[in-house]
Each structure stands twice: as structure tokens, then as C-alpha cells.
Amino acid sequence: QQQVKQSPQSLIVQKGGISIINCAYENTAFDYFPWYQQFPGKGPALLIAIRPDVSEKKEGRFTISFNKSAKQFSLHIMDSQPGDSATYFCAASQGGSEKLVFGKGMKLTVNP
Amino acid sequence: DAGVIQSPRHEVTEMGQEVTLRCKPISGHDYLFWYRQTMMRGLELLIYFNNNVPIDDSGMPEDRFSAKMPNASFSTLKIQPSEPRDSAVYFCASSPFFHTEAFFGQGTRLTVV
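Protein sequences appear in the order of chains Z and W. Residue 33 in this note's numbering sits at position 33 of the first sequence; the count goes up by one each step and never skips. Residue 83 in this note's numbering sits at position 83 of the second sequence; the count goes up by one each step and never skips.
Chain Z on its own, in the form it takes in the complex (with noise of 0.2 Å):
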């Protein structure tokens, strides 16, 4: 049962475009939402998390919206570049407990 999904499978967008990637879950008990950002032979990383009491974070060219009636969460980047080119997971966890549960990741590429 995958408890996060993520969609879609790949994107490809032009440099100075929007790049949009949905996730969905089912927990409500899920409270923390982290992006992680892992390019090519690296070890994801942290890009933006938000948790349920805000509904929108911004942070740079980066911002999670969040909707929690509908159990939804999004990652918009704005002007992509192609150093956004990577692949995008989001994930879930809920309080009591580390562990993340994670998307099956986007891949972003996006042309110059």
C-alpha cells in the first residue's frame, strides 16, 4: 500500500517555466511534509517541508501548498532553471514517529 502518491512520473518544462508536482495521501494522521531534492548519484536532500497548520510556505523560487481536506500537497518551483533539473520526492510521518514515508519520486528536467 503506498501511503503517498506522487504524480507525475516525470516533467519536463522550459527554462523560466512553472514546475508543478502533486503529492496524495491517506493518513490524516500524517503532520510533517517534507520535498527532498536528489540529483544523479547523490543522496536526496531537503528542499522545503511544511506541516499542517499553514496551508502555503514559500521559501526562494520554492513553495509547498498544502490542502488538508483533500489530503494534498504540492510543490510549485517557479522560474525553473536547469539546475532544478533532479528528481523530486515528497514524503509524509506522523507524530510519534520518524519515519518518512516517501513518494516515488518526479523526474524534473528542464531545458535551457
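No lab work stands behind these hints: they were computed from the structure. All C-beta atoms in this analysis are idealised placements derived from N, C-alpha and C, irrespective of residue type, glycine included. There may be inaccurate statements among the hints.
Said to hold, decoys possible - Each computed EDC-like pair below joins lysine to aspartate or glutamate, with the alpha-carbon atoms no more than 20 Å apart: (1) Z/Lys-42 <-> W/Glu-101; (2) Z/Lys-99 <-> Z/Asp-84; (3) Z/Lys-42 <-> W/Glu-44; (4) Z/Lys-58 <-> W/Glu-101; (5) Z/Lys-107 <-> W/Glu-11; (6) Z/Lys-57 <-> Z/Asp-84; (7) Z/Lys-57 <-> W/Glu-101; (8) W/Lys-24 <-> W/Glu-11; (9) Z/Lys-42 <-> W/Glu-62; (10) W/Lys-78 <-> W/Asp-63; (11) W/Lys-78 <-> W/Glu-44; (12) Z/Lys-71 <-> Z/Asp-31; (13) Z/Lys-5 <-> Z/Asp-31; (14) Z/Lys-104 <-> W/Glu-44; (15) Z/Lys-15 <-> Z/Asp-53; (16) Z/Lys-5 <-> W/Glu-44; (17) Z/Lys-15 <-> Z/Asp-79; (18) Z/Lys-99 <-> W/Glu-62; (19) Z/Lys-99 <-> W/Glu-101; (20) Z/Lys-107 <-> Z/Asp-79; (21) Z/Lys-99 <-> W/Asp-57; (22) Z/Lys-99 <-> W/Glu-44; (23) W/Lys-78 <-> W/Glu-101; (24) Z/Lys-99 <-> W/Asp-56; (25) W/Lys-68 <-> W/Glu-18; (26) Z/Lys-99 <-> W/Glu-11; (27) Z/Lys-58 <-> Z/Asp-84.
To be verified - Negatives, chain Z to chain W, calculated, CB over 10 Å: (28) Ala-24; (29) Ser-55; (30) Ser-97.
We have chain Z; now place chain W onto it with these hints.
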């Protein structure tokens, strides 16, 4: 700090052999995680420790897998005997507090032939 250090970076072994993966977490971090990444299953948490104590090992696939953390600066993941389906990239990660950023190592790419 040099970050989370894993060794070896690559390991090729024959089926049936014992494999030991090593991890040095970031100093001062209370949590240590072992993940496995494959194309089919994505990133899976195998086990995590808090202050050197195993907290959740429900992701360990079989008894062939074992993990130890003898002190705050070292952990091992052992597979005995190894099988071709264990081929994957194994990541170690550490984090300082509850529900904060997990810092991943570069991973160990394991190939069992």
C-alpha cells in the same frame, strides 16, 4: 562537518556472501536512518535509531538484514547471506531533532551477482 559518511561507495559481491555497509552520522545528531532505494520500490526506510537505540525496524525485509549502532558515531547494516534482489543503493541519514531535516550520505551502491 563533513556530513554523513558512508563506506564503501560501491560494493560488488557474490550471492551468499556477507555484506557490511558502514555509516558515520553527523556529530551531535540523535537520529540515524537506513534507507534502501530501488527503481521499483523507491526509497524505503529499513530501520532507524534514536540515541543508538533501534526504534523501528519494521522495514527490515528479512532476517538476513541486521543493523547495529554501537556508539553515537558509527552504525552498520549487514546482509547475510546476500541475494541478487538485495541489489540497490543504500543510504544512511541522520537528523538532530524530532521532525527535522534528515541529512543523507552519498549512498552505497550494492550489486549482488
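Taken at face value, is the distance from the CA of Z/Asp-79 to the CA of Z/Lys-107 at most 20 Å? OK: Z/Lys-107 and Z/Asp-79 at ~17 Å, within 20 Å.
message: Checking one constraint from the list: CA of W/Lys-78 to CA of W/Glu-44, max 20 Å. Satisfied?
response: holds (16 Å)
* Assess, step by step, whether the Cα of Z/Lys-42 is no farther than 20 Å from the Cα of W/Glu-44, and give holds or violated. => holds (16 Å)
- Claimed clearance of chain W by Z/Ser-55, with the beta carbon kept past 10 Å: About 19 Å separates Z/Ser-55 from the closest Cβ of chain W, which puts it past 10 Å; holds.
With a cut-off of 20 Å on the C-alpha distance, tell me whether Z/Lys-15 and Z/Asp-53 pass. Outside the cut-off at roughly 33 Å; violated.
Quick one, are W/Lys-78 and W/Glu-101 close enough, alpha carbons at most 20 Å?
Not OK: W/Lys-78 and W/Glu-101 at ~26 Å, beyond 20 Å, violated.
Taking 20 Å as the top limit, are the C-alpha atoms of Z/Lys-42 and W/Glu-101 close enough? At roughly 16 Å apart (the allowed maximum being 20 Å), W/Glu-101 and Z/Lys-42 satisfy the hint.
Given hint W/Glu-101 paired with Z/Lys-58 - CA-CA distance at most 20 Å: holds (17 Å)
Decide if the proposed pair is consistent with the structure: Z/Lys-99 and W/Glu-101, CA atoms, cutoff 20 Å inclusive. Roughly 12 Å between the alpha carbons, so the hint for Z/Lys-99 and W/Glu-101 holds.
- request: With a cut-off of 20 Å on the C-alpha distance, tell me whether Z/Lys-57 and Z/Asp-84 pass.
  value: holds (19 Å)
Just to be careful, I want the Cα atoms of Z/Lys-107 and W/Glu-11 compared with a cutoff of 20 Å; is the pair within it? violated (26 Å)
_Against the 20 Å threshold, does the CA-CA distance of Z/Lys-99 and W/Asp-56 hold or violate the hint?_
holds (8 Å)
Checked against the numbered hints given earlier, the structure breaks hints 2, 5, 9, 15, 23, 26, 30 and satisfies all the rest.
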